[in-house]
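A.B. asks: Now for the letters of each chain:
Protein chains: 2
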Amino acid sequence: MYRIGLDIGGTGIQMGIVNEKGQILARSGIETRLDIPFSEQVALMADCCKNMIKEGGYSLLDIVSIGAGVPGIGNQKTGEVVFCTNLGWHHVPFREEFRKHIDKPVFVDNDATVAGLAESVAGVSAGTASSVFITLGTGIGSGIVIGGRVWSGFHGTGSELGHMILETDGILCTCGNHGCVERYCSATAIIRMARDLLQRHPESMILDMCGGDPSKINARMVIDASREGDPVGEKVFRRFIRYLSQTIANVMNFLDPEVVVLGGGVSRAGSYLLDAVRTTVPDYILYKDLPMSRIELAKLGPDAGIIGAAMLS
Amino acid sequence: MYRIGLDIGGTGIQMGIVNEKGQILARSGIETRLDIPFSEQVALMADCCKNMIKEGGYSLLDIVSIGAGVPGIGNQKTGEVVFCTNLGWHHVPFREEFRKHIDKPVFVDNDATVAGLAESVAGVSAGTASSVFITLGTGIGSGIVIGGRVWSGFHGTGSELGHMILETDGILCTCGNHGCVERYCSATAIIRMARDLLQRHPESMILDMCGGDPSKINARMVIDASREGDPVGEKVFRRFIRYLSQTIANVMNFLDPEVVVLGGGVSRAGSYLLDAVRTTVPDYILYKDLPMSRIELAKLGPDAGIIGAAMLS
Numbered sequence: 001m002y003r004i005g006l007d008i009g010g011t012g013i014q015m016g017i018v019n020e021k022g023q024i025l026a027r028s029g030i031e032t033r034l035d036i037p038f039s040e041q042v043a044l045m046a047d048c049c050k051n052m053i054k055e056g057g058y059s060l061l062d063i064v065s066i067g068a069g070v071p072g073i074g075n076q077k078t079g080e081v082v083f084c085t086n087l088g089w090h091h092v093p094f095r096e097e098f099r100k101h102i103d104k105p106v107f108v109d110n111d112a113t114v115a116g117l118a119e120s121v122a123g124v125s126a127g128t129a130s131s132v133f134i135t136l137g138t139g140i141g142s143g144i145v146i147g148g149r150v151w152s153g154f155h156g157t158g159s160e161l162g163h164m165i166l167e168t169d170g171i172l173c174t175c176g177n178h179g180c181v182e183r184y185c186s187a188t189a190i191i192r193m194a195r196d197l198l199q200r201h202p203e204s205m206i207l208d209m210c211g212g213d214p215s216k217i218n219a220r221m222v223i224d225a226s227r228e229g230d231p232v233g234e235k236v237f238r239r240f241i242r243y244l245s246q247t248i249a250n251v252m253n254f255l256d257p258e259v260v261v262l263g264g265g266v267s268r269a270g271s272y273l274l275d276a277v278r279t280t281v282p283d284y285i286l287y288k289d290l291p292m293s294r295i296e297l298a299k300l301g302p303d304a305g306i307i308g309a310a311m312l313s
Numbered sequence: 001m002y003r004i005g006l007d008i009g010g011t012g013i014q015m016g017i018v019n020e021k022g023q024i025l026a027r028s029g030i031e032t033r034l035d036i037p038f039s040e041q042v043a044l045m046a047d048c049c050k051n052m053i054k055e056g057g058y059s060l061l062d063i064v065s066i067g068a069g070v071p072g073i074g075n076q077k078t079g080e081v082v083f084c085t086n087l088g089w090h091h092v093p094f095r096e097e098f099r100k101h102i103d104k105p106v107f108v109d110n111d112a113t114v115a116g117l118a119e120s121v122a123g124v125s126a127g128t129a130s131s132v133f134i135t136l137g138t139g140i141g142s143g144i145v146i147g148g149r150v151w152s153g154f155h156g157t158g159s160e161l162g163h164m165i166l167e168t169d170g171i172l173c174t175c176g177n178h179g180c181v182e183r184y185c186s187a188t189a190i191i192r193m194a195r196d197l198l199q200r201h202p203e204s205m206i207l208d209m210c211g212g213d214p215s216k217i218n219a220r221m222v223i224d225a226s227r228e229g230d231p232v233g234e235k236v237f238r239r240f241i242r243y244l245s246q247t248i249a250n251v252m253n254f255l256d257p258e259v260v261v262l263g264g265g266v267s268r269a270g271s272y273l274l275d276a277v278r279t280t281v282p283d284y285i286l287y288k289d290l291p292m293s294r295i296e297l298a299k300l301g302p303d304a305g306i307i308g309a310a311m312l313s
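So the protein sequences, as listed, match chains G and F.
Residue numbers for the first sequence follow my numbering, beginning at 1 and rising by one.
Residue numbers for the second sequence follow my numbering, beginning at 1 and rising by one.
One or more hints might be untrue.
[Stated by the list, open to error] List of simulated lysine to any residue pairs, SDA-like, C-alpha gap at most 25 Å:
{"no.": "1", "chain 1": "G", "residue 1": "77", "chain 2": "F", "residue 2": "39"}
{"no.": "2", "chain 1": "G", "residue 1": "77", "chain 2": "F", "residue 2": "291"}
{"no.": "3", "chain 1": "F", "residue 1": "288", "chain 2": "G", "residue 2": "147"}
{"no.": "4", "chain 1": "G", "residue 1": "77", "chain 2": "F", "residue 2": "289"}
{"no.": "5", "chain 1": "F", "residue 1": "77", "chain 2": "G", "residue 2": "147"}
[Claimed, not checked] Between beta-carbon pairs, the in silico distance windows are:
{"no.": "6", "chain 1": "G", "residue 1": "31", "chain 2": "F", "residue 2": "290", "range": "27 to 37 Å"}
{"no.": "7", "chain 1": "F", "residue 1": "171", "chain 2": "G", "residue 2": "86", "range": "38 to 48 Å"}
{"no.": "8", "chain 1": "F", "residue 1": "62", "chain 2": "G", "residue 2": "85", "range": "57 to 67 Å"}
{"no.": "9", "chain 1": "G", "residue 1": "192", "chain 2": "F", "residue 2": "268", "range": "41 to 51 Å"}
{"no.": "10", "chain 1": "F", "residue 1": "227", "chain 2": "G", "residue 2": "40", "range": "54 to 64 Å"}
Just so you know, the hints here were simulated from the structure itself, not pulled from any lab data.
Glycine is no exception: its CB is placed at the ideal position from the N, C-alpha and C atoms.
All chains, please: the whole structure from these sequences, using the hints.
C.D. replies: Given below as structure tokens:
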């Protein structure tokens with residue numbers, strides 16, 4: 001009894017055959033082609049699946065279902081991808097199209113939701129029935145699990161933590177609103193804050209790290225500089241931790257899950273990030289004397305996309 | 001098959017016998033006594049229950065369960081009231097104590113959560129499986145229903161929408177944090193904004209309405225003044241609607257329930273409030289082209305406390 005998970009991204013599509021424990025037994029992948037129509041994109045994915053099954057020594061009969069995580073919105077009931085801007089998909093019948101090639105149950109959901117599901121079944125939040133997964137990358141995504149099941153909302157438009165307002169009338173967001181979480185807690189926010197401060201502090205080691213070119217700064221450089229005691233790095237990191245802790249506390253004050261899991265590129269800062277967040281979040285929790293959600297780092301890494309997609313049902 | 005619901009407040013305790021349709025068949029109530037110990041408070045409540053049953057012509061055998069809504073936190077598993085500041089209760093064994101008097105299943109939960117449950121079973125959100133209920137009063141409470149069940153969090157400390165941060169480094173809140181939703185979207189916020197503006201605009205009709213004494217202003221006066229075209233009233237109402245709409249949009253972007261229900265004293269402004277919110281919320285929704293949560297006014301009014309408490313299980 002195996003399931004196939006597809007992690008569909010803007011540049012590549014990774015896939016794997018996953019067993020019931022959430023282990024990936026075979027892998028494959030293709031580049032994302034944006035120059036061909038939807039039906040051909042799906043045909044290429046299905047071909048890749050079939051080859052993976054064959055080359056791994058499996059049979060189509062072993063496969064129970066196929067799930068896909070997309071950077072967008074999936075309709076769990078109809079199997080439609082409602083939209084997925086990176087791939088140019090708007091209201092495409094993913095399930096229907098995919099089943100023309102491989103006639104198995106096909107599921108689709110948001111990529112952060114899927115990664116959260118993976119962590120809650122085979123990762124750091126395994127064994128818990130309620131968790132909120134937060135991806136800290138270029139943007140902010142999230143995945144909610146309640147009662148052991150994914151909750152993406154009644155219309156499938158939920159778990160958009162990155163576009164909740166943290167500062168009314170705050171910084172303009174790519175979505176058109178002001179003050180969204182994503183503008184304060186993402187890698188993009190870290191880079192912006194560092195660039196701003198560098199203008200007044202060209203002595204910061206960050207300028208060396210980026211070869212004197214602020215356009216080359218990434219979040220890792222800023223966090224590494226903070227670790228080394230660089231004042232600009234430390235100041236940006238402290239601000240970032242404060243905003244992120246307020247956001248995590250918002251999640252806890254509202255949903256109070258058993259675990260909050262941090263994933264995505266920025267979470268690779270590891271215990272340096274985790275310790276800072278764990279120390280700061282309690283400042284913003286309403287019930288300071290009562291037990292509160294655990295905060296953990298994701299442990300499945302990039303594989304969470306494949307594993308969680310395979311677990312969709 | 002009837003259930004008893006207790007709505008335990010800081011000044012009074014209302015109770016009722018509720019049938020399966022959520023109708024209240026008999027009522028009673030007592031004053032909240034703060035001068036006696038917990039065990040005696042519970043004994044008085046239980047006595048009142050027994051009298052209500054008897055006077056209504058019912059028998060204890062007709063009663064399936066007893067539920068209580070408290071302005072605080074209940075532990076659904078243990079039946080303990082974790083805390084309820086108004087009544088001076090901290091970690092009191094409510095279920096255990098109550099069953100000494102009436103030996104039936106006893107449940108306890110937060111009052112806003114209970115009101116949300118009532119609306120979702122017998123009120124405006126009846127027939128939906130996911131809803132968020134928001135009480136707009138002196139403070140802000142909320143109740144979350146997902147998958148047809150109340151969700152108060154893993155530790156029972158969730159659905160504290162009023163203490164999510166809407167403005168980082170914003171106005172100081174009674175909870176000690178800054179920028180909590182409650183400081184922007186409550187009756188208290190409306191009053192504060194009106195008083196601030198009145199200092200520069202003593203010509204506002206609000207000053208007449210409160211008899212020239214700004215300490216007597218209430219939210220209703222400000223909203224009534226706005227309806228009548230008073231510039232101070234209109235400005236405060238517009239700001240309030242903006243903050244409230246951002247908060248509702250935050251709920252939708254994160255949880256995407258089928259319905260958001262507005263209750264509490266401020267919701268008595270009726271369609272004047274509802275129309276303004278329905279017009280403004282879409283500005284802050286991420287997926288503007290997709291179907292979004294309905295926004296409705298609560299319809300059970302103060303009875304929601306008794307009805308929802310009776311529905312706890």
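A.B. asks: Next step is simple, just say for each hint if it's right about the structure.
C.D. replies: Each hint tested on the structure:
{"no.": "1", "hint": "77(G) - 39(F)", "verdict": "51 Å, violated"}
{"no.": "2", "hint": "77(G) - 291(F)", "verdict": "15 Å, holds"}
{"no.": "3", "hint": "288(F) - 147(G)", "verdict": "29 Å, violated"}
{"no.": "4", "hint": "77(G) - 289(F)", "verdict": "19 Å, holds"}
{"no.": "5", "hint": "77(F) - 147(G)", "verdict": "15 Å, holds"}
{"no.": "6", "hint": "31(G) - 290(F): 27 to 37 Å", "verdict": "29 Å, holds"}
{"no.": "7", "hint": "171(F) - 86(G): 38 to 48 Å", "verdict": "39 Å, holds"}
{"no.": "8", "hint": "62(F) - 85(G): 57 to 67 Å", "verdict": "58 Å, holds"}
{"no.": "9", "hint": "192(G) - 268(F): 41 to 51 Å", "verdict": "44 Å, holds"}
{"no.": "10", "hint": "227(F) - 40(G): 54 to 64 Å", "verdict": "59 Å, holds"}
Violated hints, in rising order: 1 and 3; the structure is consistent with all others.
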